[in-house]
Every structure is written in C-alpha cells, then in structure tokens.
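Peer 1: What follows is each chain in one-letter form.
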Amino acid sequence: MEKYGIGQPVRRKEDVRFLTGTGTYVDDITDEALAHAVVLRSPHAHAKILSIDTSEAESMPGVLGIITGKDWAAEDFQFIPTKSAVAKKIDGTPLNQPPRHCFAIERARYVGEPVAMIVAETREQAQDAAEVIDVDYEELPAVTDLRKTIETGAPQIWDDIEGNLCLDFELGDKEATDKAFADADHVVSLDLVNNRVTATPIETRGAVATYDADTDSYKLQNATQNVHANRATFADVLKIPADSIHHVAPDVGGGFGAKNSSYPEPPILLYAAKKLGRPIKWINDRNEGFQSDTHGRAQFSTVELALDKDGKFLGLRTKTIGDIGAYCWTIGPFTPTGGSARTQGGAYFIPAMYYSSVAVFTNTMPTDPYRGAGRPEASYQIERIIQHAATTLGFDPIELRRKNLMPEDSLPRKTPMGLDVDCGNFPEVFERTLKMTDREGYASRVEESQKKGLRRGFSIAAYLECTGGAPKEFAGISFGKDGSATLRVGSHSTGMGHETSKAQILAHTLGINFDKVDFIQADTKATPIGGGHGGSRNLEVGGNAVLKAAKEVLEKAKVLAAHLLNSNADDMNFADGTFTDVKTEQTISMDEVIAASFEKGRLPEGMEPGCMDTESIFEREIISCPNGSHAAEVEVDPETGMVHVQHYWVIDDFGPIINPMLADGQVMGGVAQGLGQALMEEIVYDEESGQLVTGSLMDYALPRADSMPHMELGYYEDAPTAKNPLGVKGAGEAGCCGAPPAIVNAVLDALKEDGVTHIDMPLTPEKVWRAISEAAK
Amino acid sequence: MPVISLTVNGNPVTVEVEARSLLSGVLRSNLALTGTHVGCDTSQCGACVVHVDGKPVKSCAMLAVQADGASVTTIEGLAKNGKLHPMQEAFREHHGLQCGFCTPGMLMSAVALAEQNPDLDDAAVRKGLEGNLCRCTGYQNIVHAVLDGAKAMRG
Amino acid sequence: MYDFTYHRPDTLDEAVKIFSDADDPQFMAGGQTIIPVMKQRLAMPSDVIDLGKIGELQGISIVGDTLTIGAMTSHAEVASSADVKKAVPALAQLANDIGDPAVRNRGSIGGSIANNDPAADYPAALVALGATIHTTSREIAAEDFFTGLFETALDEGEIIAKIAIPVPDKAAYMKFPQPASRFALVGVFVAKSGDQVCVAVTGAGPCVFRATDFEKALEKNFSADALDGISISSEELSTDIHASAQYRASLVTTLARRAVENAA
Chain C
1 MEKYGIGQPV
11 RRKEDVRFLT
21 GTGTYVDDIT
31 DEALAHAVVL
41 RSPHAHAKIL
51 SIDTSEAESM
61 PGVLGIITGK
71 DWAAEDFQFI
81 PTKSAVAKKI
91 DGTPLNQPPR
101 HCFAIERARY
111 VGEPVAMIVA
121 ETREQAQDAA
131 EVIDVDYEEL
141 PAVTDLRKTI
151 ETGAPQIWDD
161 IEGNLCLDFE
171 LGDKEATDKA
181 FADADHVVSL
191 DLVNNRVTAT
201 PIETRGAVAT
211 YDADTDSYKL
221 QNATQNVHAN
231 RATFADVLKI
241 PADSIHHVAP
251 DVGGGFGAKN
261 SSYPEPPILL
271 YAAKKLGRPI
281 KWINDRNEGF
291 QSDTHGRAQF
301 STVELALDKD
311 GKFLGLRTKT
321 IGDIGAYCWT
331 IGPFTPTGGS
341 ARTQGGAYFI
351 PAMYYSSVAV
361 FTNTMPTDPY
371 RGAGRPEASY
381 QIERIIQHAA
391 TTLGFDPIEL
401 RRKNLMPEDS
411 LPRKTPMGLD
421 VDCGNFPEVF
431 ERTLKMTDRE
441 GYASRVEESQ
451 KKGLRRGFSI
461 AAYLECTGGA
471 PKEFAGISFG
481 KDGSATLRVG
491 SHSTGMGHET
501 SKAQILAHTL
511 GINFDKVDFI
521 QADTKATPIG
531 GGHGGSRNLE
541 VGGNAVLKAA
551 KEVLEKAKVL
561 AAHLLNSNAD
571 DMNFADGTFT
581 DVKTEQTISM
591 DEVIAASFEK
601 GRLPEGMEPG
611 CMDTESIFER
621 EIISCPNGSH
631 AAEVEVDPET
641 GMVHVQHYWV
651 IDDFGPIINP
661 MLADGQVMGG
671 VAQGLGQALM
681 EEIVYDEESG
691 QLVTGSLMDY
701 ALPRADSMPH
711 MELGYYEDAP
721 TAKNPLGVKG
731 AGEAGCCGAP
741 PAIVNAVLDA
751 LKEDGVTHID
761 MPLTPEKVWR
771 AISEAAK
Chain Z
778 MPVISLTVNG
788 NPVTVEVEAR
798 SLLSGVLRSN
808 LALTGTHVGC
818 DTSQCGACVV
828 HVDGKPVKSC
838 AMLAVQADGA
848 SVTTIEGLAK
858 NGKLHPMQEA
868 FREHHGLQCG
878 FCTPGMLMSA
888 VALAEQNPDL
898 DDAAVRKGLE
908 GNLCRCTGYQ
918 NIVHAVLDGA
928 KAMRG
Chain S
933 MYDFTYHRPD
943 TLDEAVKIFS
953 DADDPQFMAG
963 GQTIIPVMKQ
973 RLAMPSDVID
983 LGKIGELQGI
993 SIVGDTLTIG
1003 AMTSHAEVAS
1013 SADVKKAVPA
1023 LAQLANDIGD
1033 PAVRNRGSIG
1043 GSIANNDPAA
1053 DYPAALVALG
1063 ATIHTTSREI
1073 AAEDFFTGLF
1083 ETALDEGEII
1093 AKIAIPVPDK
1103 AAYMKFPQPA
1113 SRFALVGVFV
1123 AKSGDQVCVA
1133 VTGAGPCVFR
1143 ATDFEKALEK
1153 NFSADALDGI
1163 SISSEELSTD
1173 IHASAQYRAS
1183 LVTTLARRAV
1193 ENAA
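Protein chains in written order, with my numbering: chain C, 1 to 777; chain Z, 778 to 932; chain S, 933 to 1196.
Just so you know, the hints here were simulated from the structure itself, not pulled from any lab data. Take these hints with a grain of salt, some might be off.
Stated by the list, open to error - Heads up, simulated DSS-like pairs for lysine-lysine below, C-alpha to C-alpha not over 25 Å straight-line:
1) Z:Lys832 with Z:Lys928
2) C:Lys179 with C:Lys309
3) S:Lys985 with Z:Lys832
4) Z:Lys904 with C:Lys13
5) S:Lys1018 with Z:Lys904
6) C:Lys452 with Z:Lys904
7) Z:Lys857 with C:Lys13
8) Z:Lys860 with C:Lys3
9) C:Lys312 with C:Lys179
10) S:Lys985 with C:Lys452
11) Z:Lys860 with C:Lys516
12) Z:Lys832 with S:Lys971
13) S:Lys1017 with Z:Lys904
14) S:Lys1017 with S:Lys971
15) C:Lys516 with C:Lys558
16) C:Lys13 with C:Lys516
17) C:Lys472 with C:Lys83
So that you can see chain C by itself, here it is in the shape it has in the complex (with noise of 0.2 Å):
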C-alpha cells in the first residue's frame, strides 16, 4: 500500500499499451464503413471567395459529397462564440467579435481557413477531388504584423470593426503606479516580444463522426482535451441538444492547450456524417496543423520598473499588443488581457503596478491557450525588466531579486493585480535553487568556457504563476463485486498520467488495490460534467474531485464496518486500508467491506447493495499559485551566435507532491518548450503576403534530445496551499513560465562584456550574432 501511495513515484498503468503500440488514438479508429474527410483551406491571408465551383470535383471517383462556406452558410447555423472571461472594452461596451462560423463565407481571413470539406470512400480521393475545385478569390493587402495592425491605414480585417480592435483593457492602480513611477529614483524600460509558438504535439488534430438515425444522435470520437465544454459549443453550433452527442476522446497524444479549442472542423464533420449517413474519419497534416492549430504567446510588451535608490521595487507598468489572429478563438482574447495581467510582478513585492493592453486582429492563425496562457508573458516581462534594470543601474542580478521576493512573512497578500498569494517561501525556494548551482565552482567553468573560445552565463529566475481551467469537477468511483474499482473523472490526461496519479489517490486513501484500479476519462457519457484538460487544474480540482469522492466512500465504508463488527461508526479507526474498533481491537479491511456491500443480508438499514458507489463534484473557490525558481548556465559562440544551455536547475513550490515522478515529468516537458520559444521556435508569416513562412518542421524549430541540458530537479513541500483539500497547487505550465527568462538571461550575462543587453527571442544564432557585432560597434 505504501508503495502506491500518495508520494510514491509509482509507475504508469498506462504505460503498458504506450510500450506496446497498442494504445488508440483517433487515427487508430477504424470501422468498414469509414469514409474520409479533407479540408480545402484558403491559401491566402486575406481573400474575397468570389464563388466556389466543386462541379468536377463532385464526379470525381469515391466523392461521397463536399460542404463549401455556402453551403453551410445555407443551414444557419451559429457562429463558435468566444468564452473569455474578459468580454467587455475599458469603457464597458462588449469585445469586438467577429462571427467566427465554421467556414470562411465571404472572405478568408488567414492562410489554412477552411473553405470546403470534401467527403470520399478514401483519403487520397478526397484530395484528387479537392485539387478540382475551383475557388474564385480575390485576393485583398493582409496584414500579419501585430504592431503594424493597428496602425492608421492597415488593411481593415474586419469591416465593422475599427483598428483591427478587438478590446482594450486594464487592470490595477494607474494612478498609484504613476506616482510610484514619478517619485522613483530609478526608472527603466525594455521593449519585449513574446514570439509566437505553436504546441506541435507529435499527434495531429483529428476526429472520427458518426451519425445514428434511429436515435438522431451522434459519436465524435476525437482528439481534444475537453470533451464536455466543446460537446456544448458544437451543439450551440449546430442547434441541437448536447446529450445527442456522445462526444470521447481516445487516446491523445499531446495537446498542451492547442488541443483544447473549438475547433471548425468537428462541427462541420458532425453535419456531414448526418448528411452523408456514412461514419466519417478527418485528420489534419502536419503542414495543416502549423496553419490551423491554434498559436500561443504573440504579444509585443514595453515594461517599466521604478525603483529606490537602493534597488527596492516601487512599481511596475506594463502595455501590451495582444495578437490573437482573424478570429477571437475560444478564450483568445482574454491571455492578454486578464491572463497576463493576473501574475504581473511573479514572486516580487512590488506596492503599485499598472497593466493595460490591447487584444487586436492580424491576418493569421488565431491564438489560443498554450501551456501557460499569460503567466509565462506575465514571467518573462518582470523577470527581463529585473535583469535589465540590474545591469543598466549597476545591481548584482542575484542580490537585486533577493531583496525584493516576497518574504514568507508577507503572506497572505493580495498583490495589487488582486491576485491572492496565500502561501509559499520565495527566498527560501530561491536560496536552495541557487545553493543547487554551485555558484563557487562557477569562475571556473566560465575558464574553461573561454579556452573553448566560448562564453559563459549563468541567471536565476523566480516565477510565481497561477492555476486556471474550469473550478468544477466530477469523480465517480464504482465497486465491482471482483474487488475492482472503476474511477470515473471529468478531468482529462493527454500524457500527464491521471491514470496512475488519481489512481494514487484513491487507493492510499481507501486503501484499495491500485492494480485493480480502472479508469475512465474523457467521456461526456461517462461523466455528467468535467472540466477537461487546462490551467495546471487537473490535480487541483480533478485530483481533490477524486478525494472527495473517496472520503465520501470512506464514510459510508466506516459505517458498513462499524455494522458488521457489531460496533459504533465514532469508534472505528480507520489506517492501512484497515478499520478498527479502538474498543474491541477488532479489524475488518477495506476490502471485506466493500465486498459486503453487495449483499443485501449484510447491511444496515438504509443500506442497499452497491451503495458503497460514489458520485462527487469538488469545486475549488480559488485559484492557487505555483511558485518556483528556475537557473540556468549556457555557453554562447560569439562566431556563430550559437546557444547552448550547458546545465538547468530547478526547485518547484507545488504543494504536496502525489507523484515526483510524473511532476518531474511536467516540469522538463515545460523547460523544454520554454527553452524551444527561448532559443528556436518561431511562427512566422510574410509580411507583404501573409503567407505563413513556418509551416513544417522542416522550418519550425522543435527542440531535440541534443538541444537539452541536464536538468536537475526539487521541490518545495512546506507550503501546502489551504485552498483545497490535497494541498496542491498545478505543476503543468510552470516549465514554461520558468524557462524562457532564465535561458535569455543568463545568455545576455554570457554576453554582458560585449555590451548586448537585449536580443528578443527566439535567440536564434544569427540573432545573437548580429547583438554582439552591433553592440561592438
């Protein structure tokens, strides 16, 4: 019991069908009346779709039938509605939002917009018949750059909407942090891009549709994080009820947020299998991914620090450019807006600040959540404010953190963004963080660095970000009469482990069989709510959902066992899986009881067999904030500009760790993207075309094994967070909030005698490059 308890870095029960090849992912769905599906995507930026001819296409061999932007325009359907929290302008009036239909009508508005489904007996004859349609389009000046959007005389995206605005936004104290800024003895400001990525999960997007006439219901069996959120924006898409979609996921294989969106496709492939009564199976390119998965960060910030003459924070302000694409995607508006305002100034004491922002239109793929959604925008601008203000104003970088970290005495505080930091020890997790990079045998390594012709830079960053995703969520364990447990939550795993991690859960406090342990997720028929994948929830609220439940049985459990030992249920202890009577010394295990649960004979009054069945909802009030600090040491080639991160440190503040293994997991799996947008990754789009420039690997940066550095790992366990039951406090996203500004950093300590004080990232090598003869200059 011990052994899979919570703590323990038990290994994955879902490894096994990983290992062997025998997981299903949606592609793996095969049925003989399979019929397949390709989506005809707009090639420009910015078109007007004159008409669509699909006549030739339509006698192609295996054609089944092709839905073009008329087409669905015809039905009436609705439009995807956005579902950010920040829907309204700074004078109140509701976000700018385009109607965002499934298909591009009128006018294609970014390069990948679907403009036609074609629907044949195989893949390779819908795209034949695909490459006859003859789309009429008039191409339009598009504008992919987010500062040049907004600027008087760009091309107008949208016609009603002045600017290309969506909204503008604001939050904290203006006038208090201008003040704090006007008395200050020291004031610096940086411009900072935050690149645009895109999530790259290894599995593409894709979803099998299946359509029942009999019961006027459907099947979407699809590679999403979030069957129940999304099960409702497609029926409000298609105007029927939820429940006639049965709406599961398979196996996924990644999804870092990009997996979470509503998405055009699976409505318009839910039509088709109704229209076409063939079960329809669509899944994208890679190459389309990059055009049509949705894309992360995209923001262009100018951030100020105040400070007193002996380097305390005073206040901190900062303006932001938000692109989030042609469209506001499912919560697009609100990462920067409130997703990047909620954690401005991390782990740092600082009295005023002040966070205004702009969400504006571009002609390219909207933005969406990925891994972090704000908080690594919000950690990167305070950690590269720090840094500069350190070495344009002469502070130790080290020591200028230090003194201004929340100390542990500070907490609880409500940091002016009305954040609620309620726990944690900064300095502490800083000071092991740091006491973990052997800062004495650091002069060294930068020799030895030197002999190679290379230098070397080392920088330490704190991050304090915040939780998010839905507050709901639903466990529900079943008893089989064989002894095993069926684990039923809204939650979804797409690689975090939940299969392991809650079984954890369940069978330290139950103590249950952890082998015997089933589990189902993603299931809207399964489960009557659940929050999905997003916002580092899934231990925070599907975990607490799952010990909910569990105590709820415990209860019932203590009372079953008081009955059959003759004893009173106050008298019953409960530990090892075993109940015992403090009085009488008698046992009866956790097992025997539930066992007896099923015979009508063995219970109390009020009892009935399988009543040991559980149905919970764990609905957690306030958000929690992971906390941490990342360092790292790189090795720059001032010939060739190139970067490498020679070591990487990190200690983590989340709370009780239920499994080391799989947090350690999250926490490399988020370096490695952070050291991905840091050092390579890039969606870039021309600017006088609109062509998206990135789209495949071949030009898309991921890192590979050889890009990594060994990474050393800890945590922080002596601040649970009072928030929720288990303590926890969301491990998913911290990677990515971390990683980045350590890694720039530390590169432009690296370069600091040259005089590079900023290269914006990616820090690719001609970047870097270019710094270093610009600043020689």
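Since the structure of chain C is already known, use the hints to place chains Z and S on it.
Peer 2: Below, chains Z and S alone, put in the same frame as chain C:
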C-alpha cells in the same frame, strides 16, 4: 496492383498494395498494426520508425513495395510472449514517455541504437535520437531509459 | 501522392531501358527526398524506377589513391566504412551527420548529388575533393556536375553509377545546421592535396561554390590564421528566415577556419 510478400514481426505476410502505398500506411491499415504512428509530413518526427532487415527506417519515407522480400519489425514485435523488451521496461521504469505518441518510433530507434553501439553515453544517445521528436518529456528520462535499456539488453 | 507504376530493375541497362520507354519517369535512390516530395504532390511521375537492387551501384573500394563509392551506397554505409574512414575520414564524418540514423539507412550519395539540394552536404565534399562522377554515359568532374539550384549536368535518363574520389592529404567538413531541418545552413569542406587546397561551400548560395580567395590564402599557408581578414561577399548568398546573406558570409569564414583547424 503490386503484391508484396514480407515478414512482419516474424510472420510471413502477403498483401496487395498500391505502388504509392507507404510502408507506414500498409502496416497501419492493411495489417492493422497501428502502433507505428505518423506525426509529420517531412520525415522529421520519427514516430514512424520501424526496423527493416534489422535497420531503423522511417516507414513514412519508404514505399511498401520497397519492403517486398524484407523482414520488418514494428513496435508490436518488440515484446515477446507477453514479456516486455528490456528497452520497453526501461522506458517504463524511467518515465520515458507521457502521451505515448512518439514512443513506438522512439523505442525502435533506441533498440537499434543500442544494438549498434556497445559504448553508448549521454551524448551518443542524444545524437542517436536526432530523428525522433518528443514534445512531452524534455528527453532527459528518455536518455536515462535508453542507457539503462541498452545495459539490460547486453545482459 | 498520385499513383504510378513501380519498377525495381536488377541492372543498369534495364533501368535505362525502362526510363526511355516510360511517359514521365523518375529514378528513385533512397527515396528520402523523392518520397516526401511526392507525398506533397509536388511531383507526379508515371513510373518510379527504384535503383536499390542494382548491384553495380553498390560497394566501396580503394584502389591506389582513389576511393570509389557506388551511387547507391547509403550514408550509413559511408559513415561506417573502414575504407572511407581510412582514406577520407572527413567524408565519413560528413555522412554520419546527414539527417538522422533512420534517414542514413536509406539515403544515398547518388541520390543526394543527383538532387543537388543547395543545403546538402555531399556537393561541398565532392567539389572540394575534386571527385569524378561516373555515369552510365560519361565521366563528369564534380566541379562541372553541380550546375545550379537543384540542377546538375545529368542528361535525361543518365544514371550516376559511382563516384571516384582522389584521396587527399587532409580534409575536414564543418557544418552549421539549420535548427529545424538540420540541413547545412552553411557547410564548408576543405581539402588539401600536395600544394593544392580546395574550399567548397554549401548551404550559403543556390549551389555549391568554391571560395577561391580562401584557397589562395590557404595554399600559401595552410592555417586558420591565413584566413584573417579574408571574407566572401554576401552578394550572391541566400537570405531566408533562418539566416541573412551577411550572416551566411560570416559563417563561411568561421567554418572554413574551423575546418582548417580540424583537417586530418
């Protein structure tokens, strides 16, 4: 339509294919061996790696007809008699996988790497996995798994 | 991709015949370029002629001072060949850094040079080494073989049979990879034979070229310092999202210096 005869995971197989059919497609569709995954269009991601005549090959960059007469091993052929291959055990032990999508190709590359290099170290593993992308793990656990698995394979 | 008729002849003569009889034929070597291109529907040959079974195209040998590599020799075979490692270790290293292990098991030297991707590695090596490409109809000096962007001197239906490489005194290849594709953003191959030095550059422009200023300086003094103050013009070099022409020009110098330092 061409008919090819090959051995797949030790079993002789004869299948009618199109000339344009990719080995990955034939494995997945005709032979229902869906463990081999397709993750990209440009032969970069490595999710499709299988062994052809003992050597790792990207099955998405090989025509099925080219495998006529060959011996192919897929992920489904690694475990024997219900027992995991030492490399599979190592991946599980070291948490060298999360979503599992890159895992089959990663394992096939890892096994080939271990078979060909008696002297693997961290750097050699990282270079040897240049053709296998993972977005979940950050690779560190994969590297530990490969080193451990290689040791176990040597017995 | 579009369908086609597949052939896998056993001899070069058969291959040539099939080619001349077909409507729109395409030779296939390792398939590592042509298959992805066909998958994107950017090429649609009526017939694909697989050269993989032709024995005459296989094999590596050294006779006297000439290393000969069959056109269908895989990158993996070149990388691990004792003959290549002995005669031109730089070539084995170059081959070992093409793509990744799986790609190296299929990709071939003949396929690579017939394609002449501006970022491929072999063109720089063969030009710098003064190799001779033996085809089904003639012998072509490497310098004359690579004629332009994805263009070679090969006639329609002409097949590369083998590549003959004079063994140099020393050589080295330095490659700076494009971070996404890992092709050569710039690659410089330096070869010294007697008094002659050849420096060939790939990745920097539309086609492999010799850095003649570098060669002259190195012939006077074969050391990295001999290249001090010598650079190449960025005028004819490529600019794309990964690198500007100026950066590529700078890399040429840096990589040339490092190649000289590592020449063996």
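Peer 1: Next, verify each hint and record whether it holds.
Peer 2: Quick rundown of the hints versus the structure:
A C-alpha spacing of about 20 Å is found between Lys832 of chain Z and Lys928 of chain Z, which places the hinted pair at or below 25 Å, so the restraint holds. A distance of roughly 16 Å separates the Cα atoms of Lys179 of chain C and Lys309 of chain C; the hinted pair therefore holds under the 25 Å criterion. At roughly 17 Å between alpha-carbon atoms, Lys985 of chain S and Lys832 of chain Z fall within 25 Å of each other, so this suggested pair holds. Proximity of Lys904 of chain Z to Lys13 of chain C is assessed by CA-CA distance (about 30 Å); at most 25 Å being required, the pair is judged violated.
Among the hinted pairs, Lys1018 of chain S with Lys904 of chain Z is consistent with the structure: their alpha-carbon atoms are about 23 Å apart, no more than 25 Å. For the hint pairing Lys452 of chain C with Lys904 of chain Z, the CA-to-CA distance comes to about 21 Å; that is within 25 Å, so the pair holds. Only pairs whose Cα atoms come within 25 Å are accepted, and Lys857 of chain Z paired with Lys13 of chain C is accepted, the gap being roughly 19 Å. For the hint linking Lys860 of chain Z to Lys3 of chain C, the alpha-carbon distance of about 23 Å falls within 25 Å, and the restraint holds.
The straight-line distance between the Cα atoms of Lys312 of chain C and Lys179 of chain C is roughly 15 Å, inside the 25 Å bound, and the hint therefore holds. The straight-line distance between the Cα atoms of Lys985 of chain S and Lys452 of chain C is roughly 47 Å, outside the 25 Å bound, and the hint therefore fails. Using a Cα cut-off of 25 Å, the hinted pair Lys860 of chain Z and Lys516 of chain C holds, with the two alpha carbons roughly 20 Å apart. Restraint check: the Cα-Cα separation between Lys832 of chain Z and Lys971 of chain S comes to about 23 Å, which is no more than 25 Å; the hinted pair holds.
With a CA separation close to 20 Å, the supplied pair Lys1017 of chain S and Lys904 of chain Z stays within the 25 Å bound. For the given pair, Lys1017 of chain S sits about 35 Å from Lys971 of chain S by alpha-carbon distance, which is inconsistent with the 25 Å threshold. A hinted pair counts as satisfied when its Cα atoms are at most 25 Å apart, and Lys516 of chain C with Lys558 of chain C qualifies at roughly 21 Å. Taken as a hint, the Lys13 of chain C and Lys516 of chain C pair is honoured in the structure, with Cα atoms around 10 Å apart against an allowance of 25 Å.
Straight-line distance between C-alpha atoms of Lys472 of chain C and Lys83 of chain C comes to about 16 Å, which keeps the hinted pair within the 25 Å bound.
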